[in-house]
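Protein chains: 2
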Amino acid sequence: MAQTRRQFLQHVGITGGAGVMYSAMGALGLAGVAETPAYAAPTRLELNGRGKKHVVILGAGIAGLTSAYELRKAGYQVTLLEARKRPGGRNWTVRGGTEEKDLTGATQRAKFSPGQYMNAGPGRIPQHHVTLDYCRELGVAIEPFVNQNADAYLYREGATSLSNKPIRHRTAKADVYGYVSELLSKATDQGALDSALTATDKDALISFLRSFGSVGSKVDGFKYTGTDGRRGYEIEPGAGMEGGTTAAPYGLSDVLASGVGNYFSFEFGWDQAMMMFQPVGGMDRIPYAFEKAIGREKITYGATVLGLRNTTAGVEVTYSTGSRPKVIAADFAICTLPPHIAATVPSNLPTDIVASLKYAVPTNAGKLGIEYSRRWWELDHRIYGGITNSNLDLVNTWYPSTGFHGERGTVIGYYNTGSNANSYGALTPAARLERALAQGAKIHGDVYRKNIKATFSVNWAGTEYSRGSWVGWPSQTDGVYAKLLDATGNIYFAGDHLSHAIAWQHGAMVSARAAVTALHTRVTSR
Amino acid sequence: MAQTRRQFLQHVGITGGAGVMYSAMGALGLAGVAETPAYAAPTRLELNGRGKKHVVILGAGIAGLTSAYELRKAGYQVTLLEARKRPGGRNWTVRGGTEEKDLTGATQRAKFSPGQYMNAGPGRIPQHHVTLDYCRELGVAIEPFVNQNADAYLYREGATSLSNKPIRHRTAKADVYGYVSELLSKATDQGALDSALTATDKDALISFLRSFGSVGSKVDGFKYTGTDGRRGYEIEPGAGMEGGTTAAPYGLSDVLASGVGNYFSFEFGWDQAMMMFQPVGGMDRIPYAFEKAIGREKITYGATVLGLRNTTAGVEVTYSTGSRPKVIAADFAICTLPPHIAATVPSNLPTDIVASLKYAVPTNAGKLGIEYSRRWWELDHRIYGGITNSNLDLVNTWYPSTGFHGERGTVIGYYNTGSNANSYGALTPAARLERALAQGAKIHGDVYRKNIKATFSVNWAGTEYSRGSWVGWPSQTDGVYAKLLDATGNIYFAGDHLSHAIAWQHGAMVSARAAVTALHTRVTSR
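Chains as they are written, first to last, in this note's numbering: chain A, 773 to 1298; chain B, 773 to 1298.
These are calculated hints, taken from the structure and not from any lab test.
There may be inaccurate statements among the hints.
As the list makes no split between identical chains, a pair holds if one copy fits it or if it spans any two.
[As the list claims (entries may be wrong)] Below, computed lysine-lysine pairings styled on DSSO-like, alpha-carbon distance capped at 30 Å: (1) K990 x K974; (2) K873 x K1098; (3) K995 x K974; (4) K974 x K937; (5) K824 x K1255; (6) K1064 x K1222; (7) K845 x K1098; (8) K845 x K937; (9) K1064 x K1130; (10) K937 x K873.
Could you put the whole structure together from the sequences, leaning on the hints where they help?
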């Protein structure tokens, strides 16, 4: 779907918008800059004289909003049909007053204080995602999202000296890197890697390892002693003669057996390495900014799609807002519904296309927001944002990335996926909270149960209109998925599920751009 | 200087203030929590009935301000004498209108735009420093300081395929960790470490390394291929079939020879690991908040100390504000002047005390602020805050941690120390800028020279009243330094130089607390 560099460079300069500057730098070959898939926004110029085309967009999630926004720039008429009463889809910020009935019929009503919220869906944005370009273009203020914090914890139930208690990331890292450096220095020095390393390589490697692991020199056997403060102190370096009091490192076998090191690679990931960002005030600032830019009147909320048909003239969409069904005719449709839901809409789509939609496998994720009236993680644990990871079924605890030193704050008490999410999702909201508090108190102590002001939990598999957190494909290369990338008659498909950035807003946005580009190319080449 | 836990626990509950909650948690033995040196702020209760003692404080830097603030809480009368026209000392934020004449007589006047600034001295605060407690207590708003960013660069002049061009931190890390994992997996698997590792250890280690370095399994020879995206993409994963296009990793020998890995350990440091913070609006929000809390009228600005004497009744300080010398008598003095400057003040201090002051060795640091009217690091390089490190003489480039997506921003064009700082410091401000731009353009390209709105450089060794960035001690354990930790008659000493957190505000604060505690203990036990 990405254009060639030549195609792209032909467009640059006459077009603009989010992502173009960045792509331009990539196209120019600046070392180390990743290139976002090239994108040249449609312009009114190109459409001039061809009459106004009408595009009906199913779903006002991020893919639908991006599609509408880009099409509007170029002068298309757009109509968005959205089943929910708000824009954003899974980009959903729960605040005080938010009410949601799940598929079991149970209703939660959030009582968060003013200014407190939980991002029930996406919560973080890496620097390279086009999501940030839309934030810039739409005027959505951003602030850092704390995805890693050396003072957050790793918690592993087990049978080692590191188990069943919170271990600071910094402590785990110092011990793992220390022992790795000691072992590899020894092996290198003793000639075990002479077939892979030159003498110069060996010197450079040992020099690196001594810095990386803070280990001794050859005469000290490259020993890791953990005395340099990286792993933390029992008494911090202070005034006068207090140089800092350290504890001995955990033993090598316990460090390896504990598994604390197995979380480190999370922070090296393309999409998870810091810096990360979030909109100030909640992730839904993005869909609301899109709504404003597109025009509130272009979106029909509470509209359930009942039918989707290709016609000779274009498309025909049947929908209901609660009373009798209505029919809307347009030149084109972009369907951004989750594929497993789109597959259930009555349509005249060919059976192989419906089969492609059904090929997607929805999965689950769950989140619990807990508003505390005391920021105990800062006051008692000295943790300012970040993530504690565990092998408990709550998996991840997120400390808030905003409101530092404030009176209150909202912790994500669990963020889990798959079977863990299903386990929590099967419980009532009250039972989810009780389970999460019992688990979270193992890590944080009794403070975890105190000063709770409000809570809200989401179970995406049980959430109407989503029925899952995101989808996976058994394959994205066997031709089944690929059928959804081209138009079927006058119907286009878009969504993060049609990208290689599934579960990210970036995926929805670049997929929408691809659909808009294909549609616009078709219109302008007629 | 730290109290014992028992002494501390006796105080907790009846005292309060910054750091106490945290210390309390440490004292309770919660796993992994470092204990700040215990501190129980003096209270009026204890002083009751003993009459108001007057303490004159030399210097309104962080140590002087902290001393005055804590003494005021307990009802002491304080007078601060400060040679500069502002509080904070080396905590100095340069804004539009800031004017400074250096020791050569050259004057710079900063022309930064409203809202733009450079922190010429301290710029970052780790989570565990008491500096954050004072921010909380004084109502100074904080925001994250970006000390590490996977998308910032490492730049090394040299002769490898990684040399003489910017390499993203994430790329360097993926390649170094990949090869380290490949090598150690091989050595482990081949039995080279059997004397150090059990079979269980070996399995756990290889399992960790496969995750840590993203290397293949045994049948693949544990090979590092760099295809998982950690090192970045040539084309980012996007819509449709674009799964992300990667480049091959750099070769093992080049990666090792380049030295890119030697910077990694910076981010593991006790004082440098993320998360880090800064006051919103400039580091000098801290001294100005202290000034307000203490009372502006307690501080005499423009006051040069001409003499310091112990007397039978207390102390006598001679100072000048430009006209004829004045003498102030008080019960006690706390001298927070830099030790090499305090040593030059005429006094009746014993010669061994003066010798101790002279034992400190001042060093140098330099910084250049460059305000750009275009945030090219975000727009063109996709870098949102963080530090680019190089082996050029500018050493470090800091991208701003605030104002993301704004119209303008202020980059720290160099932050260097020692001989590099001296080299720049020896130049005129204009020549410093020219040199820094030539070096910085090697990393960032021509964009580095464009859209420059204002600049300001500081050379701490050439800055009056500081004459250095901080000091080092040949030893802190040989008894010379230690002489300054006790009162000399009625004169106490305080400052970051009297701590094990030299060059940090934390050091100044804990040293001030130690002096205040000692003084108060003496007064209340009379």
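Hint by hint, here is what the structure shows:
1. For the identical chains of this complex, K990 and K974 are neighbours both inside a copy (13 Å) and across copies (23 Å), given an alpha-carbon limit of 30 Å.
2. Taking the shortest alpha-carbon separations for K873 and K1098, only the intra-copy value of 25 Å comes in at or below 30 Å, while the best inter-copy value is 76 Å.
3. Taking identical chains as interchangeable, the C-alpha atoms of K995 and K974 lie at most 30 Å apart whether they share a chain (17 Å) or sit on different chains (18 Å).
4. When the C-alpha separation of K974 and K937 is checked against a cutoff of 30 Å, the pair qualifies only between copies, where the shortest distance is 24 Å, while the shortest distance within a copy is 38 Å.
5. In this assembly of identical chains, the alpha carbons of K824 and K1255 lie at most 30 Å apart only when taken from the same copy (28 Å versus 85 Å across copies).
6. In this assembly of identical chains, the alpha carbons of K1064 and K1222 never lie at most 30 Å apart, being 40 Å within a copy and 35 Å across copies at closest.
7. In this homomeric assembly, K845 and K1098 come within 30 Å of each other (Cα to Cα) only inside a single copy, at 27 Å, whereas the closest approach across copies is 72 Å.
8. Taking CA atoms no more than 30 Å apart as the test, K845 paired with K937 passes in neither setting, with 55 Å inside one copy and 39 Å between copies.
9. Within a single copy, K1064 and K1130 get their C-alpha atoms no closer than 34 Å, and across copies no closer than 66 Å, so neither meets the 30 Å cut-off.
10. Within a single copy, K937 and K873 get their C-alpha atoms no closer than 37 Å, and across copies no closer than 55 Å, so neither meets the 30 Å cut-off.
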